[in-house]
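Trainee: The chain contents come next:
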Amino acid sequence: QVQLVESGGGVVQPGRSLRLSCAASGFTFSSYGMHWVRQAPGKGLEWVAFISNDGSKKYYADSVKGRFTISRDNSKNTLYLQTNSLRAEDRAVYYCAKGSEMGSSSSFDYWGQGTLVTVSS
Amino acid sequence: QSALTQPRSVSGSPGQSVTISCTGTSSDVGGYNYVSWYQQHPGKAPKLMIYDVSKRPSGVPDRFSGSKSGNTASLTISGLQAEDEADYHCCSYAGSYTYVFGTGTKVTVL
Chain A
1 QVQLVESGGG VVQPGRSLRL SCAASGFTFS SYGMHWVRQA PGKGLEWVAF ISNDGSKKYY
61 ADSVKGRFTI SRDNSKNTLY LQTNSLRAED RAVYYCAKGS EMGSSSSFDY WGQGTLVTVS
121 S
Chain B
1 QSALTQPRSV SGSPGQSVTI SCTGTSSDVG GYNYVSWYQQ HPGKAPKLMI YDVSKRPSGV
61 PDRFSGSKSG NTASLTISGL QAEDEADYHC CSYAGSYTYV FGTGTKVTVL
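So the protein sequences, as listed, match chains A and B. All letters in the first sequence, in the order written, are residues 1 to 121 by our numbering. All letters in the second sequence, in the order written, are residues 1 to 110 by our numbering.
FYI, nobody ran anything at the bench for these hints, they're computed from the structure. All values derive from a computational prediction rather than experimental measurement.
Calculated pairs, DSBU-like style, for lysine-lysine (alpha carbon to alpha carbon, straight line, at most 35 angstroms): (1) B:K68 with A:K65; (2) B:K44 with A:K65; (3) A:K58 with B:K68; (4) B:K55 with B:K44; (5) B:K55 with A:K65; (6) A:K76 with B:K47; (7) B:K68 with A:K57; (8) B:K106 with B:K68; (9) B:K44 with A:K76.
Input sequences plus hints: build the corresponding full structure.
Mentor: As structure tokens, this is what we get:
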């Protein structure tokens, strides 16, 4: 069955960096676009970034553009999110999500359990 | 990329129907038939309930239905059950491979 397991979260000072990882299994990772979505404590979901199946296309929310970088290693079935210049408002649970294979593919059909990023001095 | 607007909460008794609205603009909800809905229980990951406005993934009960009119999408839960108590989030494609989520709605079963 499809599994997505995030790691790499933790407590970091403002302005510092973290690299988040998402290990995928149970499907042909190299065939699907992948996303990062985050959720601040007690808040709604926020889409963060998308990467195409082959890594050639990358798109970001305005709130993270220029600071975050999405990437993938299809040989390792792993998705990454490099988060730089972290701010207090980046504090959230970060989920990786698989681009759906259903219909238009404009939805997220599987999600990981998330990894918590806390930005604090 | 402003969040789509959802009511903060809705409630209903078991067996009743509730409808959650999701209002955006012509650049997102109104511009594409790519609205999806997610159910999220406390401390859990979101689960896809509806995609492409009104389609249900395999395994999602048919008491969940979706629709759209203009810039507003809706999720209706018919025959409300205790296990439907959760947060619900809408999401719309917003062009250029970007997406926007709603503010989230808490459904309470009375």
